[in-house]
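Undergrad: Here the protein sequences come in this chain order: C and U. When we follow the numbering used here, the leftmost residue of the first sequence carries the number 1, and every step to the right adds one. When we follow the numbering used here, the leftmost residue of the second sequence carries the number 1, and every step to the right adds one.
Do not take every clue at face value.
Reference listing, derived: stretches of chain U covered by chain C, where coverage requires no fewer than 3 residues with Cβ under 8 Å from a Cβ of chain C [claimed, not checked]:
| hint | stretch |
| --- | --- |
| 1 | 48–59 |
| 2 | 68–82 |
| 3 | 94–103 |
| 4 | 134–143 |
None of these hints come from the bench; they were simulated from the model. Cβ coordinates follow ideal geometry from the N, Cα and C atoms, glycine included.
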Amino acid sequence: MARSGAVPSPAKARGSGSRTSDLSREQQLELYYYMRLTRSLEERLVNLYRQTKVVGGLFRSLGQEADAVGSAYALDRSKGDILSPLIRNLGSMLVQGARPDEIIRQYMAKGDSPTRGRELNIHYGDLVRGFIGQISHLGDMVPVMAGVTLSFKMRKQDRVGLVYVGDGATSTGAFHEGINFAAVQRCPLVVVVENNGYAYSTPLSKQTAAKQLVDKAIGYGIAGEQADGNDVIASYEVTKRAVDRARAGGGVTLVELMTYRRKGHAEHDNQSYVPAGEIDKWASENDPIDRYVIRLRGDGFEESEITSVDQRVADEIDRATDAAEASPMPEPTDALVGIYADPPEESPLWFRQGIKSAVEVHERPSSWGTHDV
Amino acid sequence: MSEITYLEAIREALFEEMARDENVFCLGEDIGAYGGAFKVTDGLMAKYGEQRVIDTPISETAIIGAAAGAAHMGMRPVCEMQFIDFLSSGYSILTNYVATARYRAMLPCPMVVRGPSGGYVRGGPFHSQNPEAAFLHTPGLKIVYPATAVDAKGLMKSAIRDEDCVLYFEHKYLYRRIKEVMPEGDQVVPIGKARVAREGKDISIITYAATVWKSLEAAEQVQKEDGLSVEVIDLRTLLPMDDEAIVATVKKTNRVLIVHEDTRTGGVAGEITARINETAFEWLDAPVLRVTAVDVPLPYSPPLEDYVLPQTSDIVLALRKLAAY
Numbered sequence: 001m002a003r004s005g006a007v008p009s010p011a012k013a014r015g016s017g018s019r020t021s022d023l024s025r026e027q028q029l030e031l032y033y034y035m036r037l038t039r040s041l042e043e044r045l046v047n048l049y050r051q052t053k054v055v056g057g058l059f060r061s062l063g064q065e066a067d068a069v070g071s072a073y074a075l076d077r078s079k080g081d082i083l084s085p086l087i088r089n090l091g092s093m094l095v096q097g098a099r100p101d102e103i104i105r106q107y108m109a110k111g112d113s114p115t116r117g118r119e120l121n122i123h124y125g126d127l128v129r130g131f132i133g134q135i136s137h138l139g140d141m142v143p144v145m146a147g148v149t150l151s152f153k154m155r156k157q158d159r160v161g162l163v164y165v166g167d168g169a170t171s172t173g174a175f176h177e178g179i180n181f182a183a184v185q186r187c188p189l190v191v192v193v194e195n196n197g198y199a200y201s202t203p204l205s206k207q208t209a210a211k212q213l214v215d216k217a218i219g220y221g222i223a224g225e226q227a228d229g230n231d232v233i234a235s236y237e238v239t240k241r242a243v244d245r246a247r248a249g250g251g252v253t254l255v256e257l258m259t260y261r262r263k264g265h266a267e268h269d270n271q272s273y274v275p276a277g278e279i280d281k282w283a284s285e286n287d288p289i290d291r292y293v294i295r296l297r298g299d300g301f302e303e304s305e306i307t308s309v310d311q312r313v314a315d316e317i318d319r320a321t322d323a324a325e326a327s328p329m330p331e332p333t334d335a336l337v338g339i340y341a342d343p344p345e346e347s348p349l350w351f352r353q354g355i356k357s358a359v360e361v362h363e364r365p366s367s368w369g370t371h372d373v
Numbered sequence: 001m002s003e004i005t006y007l008e009a010i011r012e013a014l015f016e017e018m019a020r021d022e023n024v025f026c027l028g029e030d031i032g033a034y035g036g037a038f039k040v041t042d043g044l045m046a047k048y049g050e051q052r053v054i055d056t057p058i059s060e061t062a063i064i065g066a067a068a069g070a071a072h073m074g075m076r077p078v079c080e081m082q083f084i085d086f087l088s089s090g091y092s093i094l095t096n097y098v099a100t101a102r103y104r105a106m107l108p109c110p111m112v113v114r115g116p117s118g119g120y121v122r123g124g125p126f127h128s129q130n131p132e133a134a135f136l137h138t139p140g141l142k143i144v145y146p147a148t149a150v151d152a153k154g155l156m157k158s159a160i161r162d163e164d165c166v167l168y169f170e171h172k173y174l175y176r177r178i179k180e181v182m183p184e185g186d187q188v189v190p191i192g193k194a195r196v197a198r199e200g201k202d203i204s205i206i207t208y209a210a211t212v213w214k215s216l217e218a219a220e221q222v223q224k225e226d227g228l229s230v231e232v233i234d235l236r237t238l239l240p241m242d243d244e245a246i247v248a249t250v251k252k253t254n255r256v257l258i259v260h261e262d263t264r265t266g267g268v269a270g271e272i273t274a275r276i277n278e279t280a281f282e283w284l285d286a287p288v289l290r291v292t293a294v295d296v297p298l299p300y301s302p303p304l305e306d307y308v309l310p311q312t313s314d315i316v317l318a319l320r321k322l323a324a325y
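Build the full structure now, drawing on both the sequences and the hints.
TA: Following this line, the structure appears as structure tokens:
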């Protein structure tokens, strides 16, 4: 392999989660459902993107579905645990209850999307279901989740928080400040570092001189564990140990999940910087869904059980797409609402008084190279 | 009732708000056992314990980010920046995360970021700053900057009770120089409302924080020496700005001087001037003038600092120029 650094080769990453997992049959099938839903939903989004129905960029988590789903599955939704995802954590959000129609509405910039057209892609949250939307400034969610879990501690609540960062975000000041603060305060927080080998085009070897990212835990005086992120059961189990530790008052754990980003940073990225053969090797030898299906079959699941999940996922995505496509775009003047609780909305500027839509009166010259959606 | 200082007024507000609402807590560097670099939080930890008065690592990003996370969950954090100069170390998370949270994610962020600000104290480039203009440009934040002890207390109460993030600048030159008797009971000062610090009819000074006092001195001087009647408007809140009060004083005196301690270019005075120009141009009998610091980092040595910062004599000069226009 041309790359150096801590990302394992597919062969090395083949370790599996234990065969004695505490998960019921239904739960094991549910893990498959969330991984399949993640992948199929993203495939549907690719179709919509190619039809120019996705207004902004499209971010895939192809090959990372197991780490996202397995880790989030370790949280206890009945206790009010909260996670904050990153851009490759569609699967984690689905586990917490995010719905496919919401995701499609977000991508299509619809007026009834969770952020009413203000934010892109999977940048949204819901405190009731237990996920807080990320922002684009990597690392910033670590201090925020330190504060969320600080509130759990202050109120003596039996709740845990989980925050995702990538290999790239471990280089930020916010990551350091947030994890250090949470460690000192012994906040009930799990920090999952998804090491997928690349931050945009930058390989791990140019991101850090550390041999492995889990080593950073030592410097913060917290527990650290590493696991195969392409094994959904291993991802679940390692995160579950961290969640249990946090809930028992044991403070912060850094969990490094080893995985691989098979698509570019976003759909436009041609991955010219990736060594030849690397992506194919991971696709053919270490696809997390393929691996899990083999495991399910080995554990006695019927083929019909698996295909019925596939059918359920396909139906849900069709219904979600129809609903999202039928959704309206936002009213332009909704842009003025809700920057503060008080005042509840801004006044229109003098040149927009009485005008409902900017583009009715301001045609953009075609020479700008832009077009209205 | 005896007088208390501007600093003690802030402290009183913190004590009273923590007693009123158990969700209020303080976090910052050296604020607990030590009581803060200026002793604003002195005694808070002894009364409320280290769970609610948190000594943090030197981590402005973590302090502000953690406050935001706790605020989402219904807490009411009050962050101390040891000096407001260090607010810039938390600039990204404050402007990108906190200020946008309600709008982009419908996440409430009721929190206060407070800290000692301003010069005239020989603090040098990193212990004298007035960074309010940087945040005036950030939708989603509110900014208050009191000049009196009564306002210091009342605005702190309002800031803590506000549903959004309030930057609370406290002027360290005023900490122990300004003393007042506090009003009885639970007095709040509304955010977004300016105060007429001195009534007048010939010229208006629009200002805030320490230069309110320099403006009052200058007004007194030109009253005696020139017979000029100068009105002084203390903005108290910079964001949202009290446009009504600004336009009212323009219409009353038709001559306006804006005074602030911060540097000139891109400063608050430029914004106020633009607003007057757009909404009350025909009421002006003279161009709007500014007295501000010159555009340099604030130097340490007394002759240098005195030269850079606005002084009462500068304000007197500007008032005479406006009167003669």
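Undergrad: Now tell me, hint by hint, if it's right for this structure.
TA: How the hints compare with the structure:
1. 48–59: holds (count 6)
2. 68–82: holds (count 9)
3. 94–103: n = 5 at 8 Å, threshold three: holds.
4. 134–143: holds (count 3)
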